[in-house]
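K.L.:
Using the sequences and the accompanying hints, generate a full structural model.
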Amino acid sequence: MTGWLSVALRSAGAVAELKKDKASGREPQAKKAAAEGEGEIWVVIEHEGADAAPVSWELVGEARALADELGVRAAAVIIGAGEQELARKAFSYGAAASYLAAGPKLGAYSADPHCQALAGLAARHKPQVILLGATTRGRDLASAAATELETGLTADCTELKIDPEKKLLLQTRPAFSGNVMATIITPKRQPQMATVRPGVFPAPEPVAGASGEIIASKPRLKPTNVSVKQLEFIRAPKDEVSLQGAKVIVAGGRGLKAARNFALLEELACELGGAVAASRAAVDAGWISSQRQVGQTGQTVRPVLYFAMGISGAVQHLAGMQASDIVVAVNNDPEAPIFEVADYGIVGDLFEVTPVLTEEVRRRKAEAGADGGLRIEKSARK
Amino acid sequence: MSSKRDLATNIEPAGGRIKQAPAEGVLPNPAELGFPQPAPAVANKLALVKFNLDSRSHLSIKDAEVCRRRCHQKYCTHSCPAQVYHWEGEEKKISISYEGCLECGTCRSGGCPYDNIEMRYPRGGYGVQYRFG
Amino acid sequence: MNKGKKETGTAGAAGAAPARFDAIVVGGGPAGLATTFTLARAGVKVACLERGNWSGSKNMMGGVIYSHPTAAVFPEFWREAPLERLVTRRDMWFATTDSTIKASFESTDFGQEPYNSFTVYRARFDKWLAAQAAAAGAWMITETLAEDLLRDGRRVAGVRSGRPQGDLEADVVIIAEGVNPFLTEKAGLASCPPQAPNVALAVKEVLALPTEKIEDRFDLEPGAGAAIEIIGEITGGLPGTGFIYTNRDTISIGVGVLLNSLVDNVTEAYTILDKFKQQPQLRRLIQGASPREYSAHLIPEGGYRCMPQLYGDGVLVAGDAAGMVNPINSEGANLALLSGQMAAETVLACRREGCFDRHALALYQQKLEKSIVIKDLKKYENATPFLASHPQLFGLYPELMAALAREFLTVDSLSKANKEKLLLRLFHSQVPTRRLLKDLYDAWRSLT
Amino acid sequence: MSINSLVCIKQVPDTTQVRIDPETGSLVRKGIPSVANPYDLYALETALSVRDQHGGFITALSMGPPQAEEVLRKALGYGVDRAVLLSDRAFAGADTLATTYALAAAVKKIASGRDAQTGASGIDIIFSGKQSIDGDTGQVGPGMARRLNFSQLTYVCSLIEIDVEARCVEAWRQREDGRELLQAKMPVAVTVTEQCSSIRYAALPDLITAAKKPVEVWSAADLDVDRERLGLRGSPTRVSKIFAPPARKRGETLTAPERSVAEVAALLFDRLAERGLKIGRRGG
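Protein chains in written order, with our numbering: chain A, 1 to 382; chain B, 1 to 133; chain C, 1 to 448; chain D, 1 to 284.
Derived by calculation from the structure, the hints in this document are not laboratory data. As the structure is a computational prediction, the values presented were derived from the model and not from experiment. Please note that the accuracy of each hint is not assured.
As the list claims (entries may be wrong) - Short derived list, chain D residues pointing at chain A, Cβ under 7 Å:
no.: 1; residue: Thr15
no.: 2; residue: Thr16
no.: 3; residue: Arg179
no.: 4; residue: Phe269
What the hints assert, rightly or not - Derived lysine-lysine pairs resembling PhoX-like cross-links, with alpha carbons at most 25 Å apart:
no.: 5; chain 1: A; residue 1: Lys188; chain 2: A; residue 2: Lys126
no.: 6; chain 1: A; residue 1: Lys166; chain 2: A; residue 2: Lys188
no.: 7; chain 1: C; residue 1: Lys277; chain 2: C; residue 2: Lys102
no.: 8; chain 1: A; residue 1: Lys257; chain 2: B; residue 2: Lys62
no.: 9; chain 1: B; residue 1: Lys93; chain 2: A; residue 2: Lys257
no.: 10; chain 1: B; residue 1: Lys74; chain 2: A; residue 2: Lys257
no.: 11; chain 1: B; residue 1: Lys50; chain 2: C; residue 2: Lys277
no.: 12; chain 1: A; residue 1: Lys105; chain 2: D; residue 2: Lys185
no.: 13; chain 1: D; residue 1: Lys185; chain 2: D; residue 2: Lys108
no.: 14; chain 1: D; residue 1: Lys241; chain 2: A; residue 2: Lys229
no.: 15; chain 1: C; residue 1: Lys419; chain 2: C; residue 2: Lys102
no.: 16; chain 1: D; residue 1: Lys249; chain 2: A; residue 2: Lys166
no.: 17; chain 1: B; residue 1: Lys92; chain 2: A; residue 2: Lys257
no.: 18; chain 1: A; residue 1: Lys188; chain 2: A; residue 2: Lys218
no.: 19; chain 1: D; residue 1: Lys241; chain 2: D; residue 2: Lys30
no.: 20; chain 1: B; residue 1: Lys74; chain 2: B; residue 2: Lys93
no.: 21; chain 1: D; residue 1: Lys241; chain 2: A; residue 2: Lys188
no.: 22; chain 1: D; residue 1: Lys241; chain 2: A; residue 2: Lys167
no.: 23; chain 1: B; residue 1: Lys74; chain 2: A; residue 2: Lys365
no.: 24; chain 1: C; residue 1: Lys213; chain 2: C; residue 2: Lys277
no.: 25; chain 1: A; residue 1: Lys161; chain 2: D; residue 2: Lys241
no.: 26; chain 1: A; residue 1: Lys247; chain 2: D; residue 2: Lys212
no.: 27; chain 1: A; residue 1: Lys126; chain 2: A; residue 2: Lys161
no.: 28; chain 1: C; residue 1: Lys45; chain 2: D; residue 2: Lys212
no.: 29; chain 1: B; residue 1: Lys92; chain 2: B; residue 2: Lys50
no.: 30; chain 1: B; residue 1: Lys74; chain 2: B; residue 2: Lys92
no.: 31; chain 1: C; residue 1: Lys367; chain 2: C; residue 2: Lys378
no.: 32; chain 1: C; residue 1: Lys186; chain 2: B; residue 2: Lys62
no.: 33; chain 1: A; residue 1: Lys218; chain 2: A; residue 2: Lys229
no.: 34; chain 1: B; residue 1: Lys50; chain 2: D; residue 2: Lys249
no.: 35; chain 1: D; residue 1: Lys30; chain 2: C; residue 2: Lys213
no.: 36; chain 1: A; residue 1: Lys257; chain 2: A; residue 2: Lys126
no.: 37; chain 1: C; residue 1: Lys421; chain 2: C; residue 2: Lys438
no.: 38; chain 1: C; residue 1: Lys379; chain 2: C; residue 2: Lys438
no.: 39; chain 1: A; residue 1: Lys222; chain 2: D; residue 2: Lys185
no.: 40; chain 1: A; residue 1: Lys222; chain 2: D; residue 2: Lys212
Using N, Cα and C, we set each Cβ at its ideal position, and we do this for glycine too.
P.N.:
This is how it looks when you write it as structure tokens:
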């Protein structure tokens, strides 16, 4: 059932083909969806001007797969100043339609107007699923909109599936700091809403020249007494990659012994395009800022590659990193619990090992030439 | 010095003979008992324990010179059941991982025969928090 | 109650806090809670300071509380308190590396009210005791460490906690701070500082195992429990004992060893514990169990000789802080509870007189002298020095017992008469008769 | 003019101890100690420092079983003026939507002053942690803002200023790509991150007061609510399955006596390449 639609929508001129299918009446569900927008799978595109957050495109790809399974359209929702280029980009990642809600109050993100716009669109077009990235902004907007729409919202999903019988969205997410996985459903209300962690789904290869339907609107916003204004924005320095988005994290613990030694980790992280993090012990010792703390009371991270350098592996730390795809541990204590969760263990002095690792990366990059760097193929994810 | 192992092998299976008695009052050296040496890390055990970490240490060495010059065995590195104390060979000093302290008091009660460790309790609410106890 | 706070709620509700208490108890363990509960029930304005997040969160013991002394303070506690198993069997094992002699006592009496003993987790049981004290009207102040005593001349007049605005005044302070006697020393009451010859270090692991497996492996009725004490090779020949207690779905397993022998032999307590767990007899009991917690604690084993001065002007000492542990019967919590209760009774009596100087508080000593607390401690006052100076009790004798048992039970070509001769020879070759007699005499002197 | 605030504090299981029973496949929560959600304590500290500066009242609000009184007593220990616990079977099983419905009703009642012992009228700021460590959703703060028509300010890493006259709050908000300074109109619901300063060390007199101060317990009947929208009945989401995450297993130890550190490093990156992490040109 999904094969033909998928092929059709992936090729150029998707809209035209969809209309043809409608005419032939081969897929009544799709016809209905196309006619009213009802039952679509939506992805809210998080963007700053014309720059979209990578997670948004990852989700468009996934929405497309889910939509194909249900025989409906996948659509992007762009709330802003009318960013046509984002609408088109959404087509190239697999969306069949883009809802472009624009207005003077929607130019920069603010929870209340954006919530009103999204809830308004959803009330009108009745999508069955709305997905957002589990970013600070995505979670902010999703929570408000789900409340406004009085519907269910599942945060931080790491897997989405369709129940083959009931056609419900099966939303799987870690809970209790990753010690438990739960599959959540929203059986009786629509839309079913979920936020999805960045990096869970691969970004699809963009298809040049793909097109789709643009549904532009100017939402009317209720006047309210609430307001949040941005006064200033300080962009994090480029080399200071956020832990949440980082594909590679090099984390240090008590074994680092002093603040200055984090420079060793920074070098390795820099070569791999990753971020530096720390265990609570290192943070408490004052060697690094608490913003870098991974663990139960710090951040929960899920990079593709996690280096634990001189970290013994207390449960509280494991709670924050055990969802990483590949864990490499370097510790001079062969009994350290971190080795129990490490894919690759190196028993040795981190002061000796780390520079050699950095050197090895440099060597391989040099061999690979100018565009050498860490490249992640899908197989890294299990 | 006669070791415990001698005794164990001296008592042979049924029908065997005990060849000689150990010298009176001499304790066996545990290193000769086949105990793993050096001691296995307690990190695995401590990983099971909940701690509310304070940002400051409640343990300190009174006089680093004593560790350096007088204490050859570095007793605290063995007597502490949480392996809080480590001898840093290069820096020639004891480092203190107070975060994993079980607050038993060994280090102030003879665990350091030189009485060279200042042990206090962590501030109220901090430190070890047993779930079973 | 919140008058004068109309304008602002800042500074919390400091105005409503009592400026001073009738009594302050330092430490929310069995001793401190027995005092607190008894005083609160009698209407005394009493505060109990506990440094842990809750009572019991800093405490550890092997695992058994005795019903009789506990019920003397907390009547019929077994109806509500969080208990693990009702102990119906007590074992004493003499173990060598490859053999064990087991002495087991099982009684149906133990299974009937008022029962004999229960296994408990201190982190849960003490919390329950604290809730009883709070319900009786006491101020339970957790997460607060008493760092020093306040004085008025010679008299102890309160405590200084490590918190902002942390001074608290009271007529009398009951120190129940546990084995590390920081305040007892500050009060000038400690007789000997806690030292390696007077303390044992106990380390313990809690291992999870399904209920049915525990009952199966230990041969227990549902809900019944076993308490096993083991001496011999398990402590590497050092003076100490191993123990196993069964809980509902965990096993507590640990060793306690005299600290000075650990230090003299540069041995780690956890190494002994790990070795202990590897004993074949024990390995099969704990096989497949997953560790849940590791803990360590000191046990004051100095006994009667190391007890501090138990009272001073405005101050009493109870429980472990007062060295009230009977190392032979592994009893501590019960003596703590009883001494705590007697401290409370003393305070109540002194309140009637309105005097808390040391002459008045000497009543506490008199009460203790008449009770099993001091009677038992006196009885075993030489036990710890004896055990420390007779390591053969923990190494050689169990080895010999096992060797003798093995010879006796092994069927081979020797006639029984020859076997008997051999046994005697075997024994005498190891232990000259003179020495054996001396050991027995010393043991009799010290332990009876 | 002072600022009245409300802090939401959730009692959560110590999540590092929560696990799935491998035999029954159900959640083992028995015997696991409960703690105050650590992020909520950052929220509490923020509320306390606002009160230090501007005066006003702080109400701590929680929803949960009767034992959840413990976290509110902890809050009282920090000098909070009033503590309210929503506890009723009718609230049980609530997801975030039903939770914010009940909490918002309680806030309305507290703000109306009808029942206030404190004399507080109105709530200017609601503080809560960025998320709880058991649910990790971060949905309750924004949900309450929506229901109460408060401004919504999430992931605040430092609250810098409150302009009482203009009824505005300025705060830095943490984002993935940096931090932004936002100005929000009061009333506002603020959720804070771990970068807000950690909770102070409470003063002894406050702890003593807290030991005896009552925690008000409200049931559904105490609130102006539609029971159909409470608890499990009012929750649109259902848990269809829980399971243990794939257990991490001890992997390969790369160090070996015969290998030099450089060889170990080379071996590591070979292994990573086998797993799809390659250093080099596309397709190279």
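K.L.:
Against this structure, judge whether each hint is valid.
P.N.:
How the hints compare with the structure:
Because the beta carbon of Thr15/D sits about 4 Å from the nearest beta carbon in chain A, less than 7 Å, this interface hint is met. With a least beta-carbon distance of about 4 Å to chain A, the hint placing Thr16/D at the interface is held under the 7 Å criterion. Taken as an interface hint, Arg179/D checks out: its beta carbon lies about 5 Å from the nearest beta carbon of chain A, inside 7 Å. A distance limit of 7 Å between C-beta atoms decides the matter here; for Phe269/D the minimum to chain A is near 6 Å, and the interface restraint holds.
Proximity of Lys188/A to Lys126/A is assessed by CA-CA distance (about 14 Å); at most 25 Å being required, the pair is judged to hold. In summary, the hint linking Lys166/A to Lys188/A is supported, as the alpha carbons are separated by about 11 Å, within the 25 Å threshold. Taking the CA atoms of Lys277/C and Lys102/C, the gap is near 17 Å; set against the 25 Å cutoff, the hint holds. At roughly 21 Å between alpha-carbon atoms, Lys257/A and Lys62/B fall within 25 Å of each other, so this suggested pair holds.
A C-alpha spacing of about 13 Å is found between Lys93/B and Lys257/A, which places the hinted pair at or below 25 Å, so the restraint holds. For the proposed pair Lys74/B and Lys257/A, the alpha carbon gap of about 21 Å is at most 25 Å, so the pair holds. Between Lys50/B and Lys277/C the alpha-carbon distance is near 23 Å, which keeps this suggested pair within the 25 Å criterion. Distance restraint check for Lys105/A and Lys185/D: the Cα-Cα separation of roughly 16 Å lies within the 25 Å cut-off, and the hinted pair is therefore satisfied.
With a C-alpha separation of about 18 Å, the suggested pair Lys185/D and Lys108/D falls inside the 25 Å cut-off, and the hint holds. For the hint pairing Lys241/D with Lys229/A, the CA-to-CA distance comes to about 41 Å; that exceeds 25 Å, so the pair is violated. Between Lys419/C and Lys102/C, the direct Cα distance comes to roughly 23 Å. Compliance with the 25 Å bound is thereby established for this hinted pair. Among the hinted pairs, Lys249/D with Lys166/A is inconsistent with the structure: their alpha-carbon atoms are about 35 Å apart, more than 25 Å.
Restraint check: the Cα-Cα separation between Lys92/B and Lys257/A comes to about 15 Å, which is no more than 25 Å; the hinted pair holds. Between the alpha carbons of Lys188/A and Lys218/A the distance comes to roughly 30 Å, so the proposed pair goes past 25 Å and is violated. Restraint check for Lys241/D and Lys30/D: satisfied, since their Cα atoms lie roughly 20 Å apart, inside the 25 Å limit. Only pairs whose Cα atoms come within 25 Å are accepted, and Lys74/B paired with Lys93/B is accepted, the gap being roughly 10 Å.
Annotation: proposed proximity of Lys241/D to Lys188/A holds, straight-line Cα distance about 17 Å (limit 25 Å). Between Lys241/D and Lys167/A the CA atoms are separated by roughly 16 Å; this keeps the pair inside 25 Å, and the hint holds. Distance hint between Lys74/B and Lys365/A is unfulfilled; the C-alpha atoms sit about 46 Å from each other, more than 25 Å. Among the hinted pairs, Lys213/C with Lys277/C is consistent with the structure: their alpha-carbon atoms are about 17 Å apart, no more than 25 Å.
Pair hint Lys161/A plus Lys241/D holds up; C-alpha atoms about 13 Å apart against a cutoff of 25 Å. Between Lys247/A and Lys212/D the alpha-carbon distance is near 51 Å, which puts this suggested pair outside the 25 Å criterion. With a C-alpha separation of about 20 Å, the suggested pairing of Lys126/A with Lys161/A holds against the 25 Å cut-off. Annotation: proposed proximity of Lys45/C to Lys212/D holds, straight-line Cα distance about 12 Å (limit 25 Å).
For the given pair, Lys92/B sits about 31 Å from Lys50/B by alpha-carbon distance, which is inconsistent with the 25 Å threshold. This hinted pair checks out: Lys74/B and Lys92/B have alpha carbons roughly 11 Å apart, not beyond 25 Å. Restraint check for Lys367/C and Lys378/C: the C-alpha separation of about 15 Å stays at or below 25 Å, so the hint holds. For the given pair, Lys186/C sits about 19 Å from Lys62/B by alpha-carbon distance, which is consistent with the 25 Å threshold.
For the given pair, Lys218/A sits about 21 Å from Lys229/A by alpha-carbon distance, which is consistent with the 25 Å threshold. Simply put, Lys50/B and Lys249/D have alpha-carbon atoms about 23 Å apart, close enough for the 25 Å limit, and the pair holds. In summary, the hint linking Lys30/D to Lys213/C is supported, as the alpha carbons are separated by about 19 Å, within the 25 Å threshold. As the CA atoms of Lys257/A and Lys126/A are separated by approximately 57 Å, the hinted pair breaks the 25 Å bound.
Among the hinted pairs, Lys421/C with Lys438/C is consistent with the structure: their alpha-carbon atoms are about 23 Å apart, no more than 25 Å. With a C-alpha separation of about 20 Å, the suggested pairing of Lys379/C with Lys438/C holds against the 25 Å cut-off. Annotation: proposed proximity of Lys222/A to Lys185/D holds, straight-line Cα distance about 17 Å (limit 25 Å). Taking the CA atoms of Lys222/A and Lys212/D, the gap is about 47 Å. The hint is violated against a cut of 25 Å.
In this structure, the hints that do not hold are numbers 14, 16, 18, 23, 26, 29, 36 and 40, in rising order.
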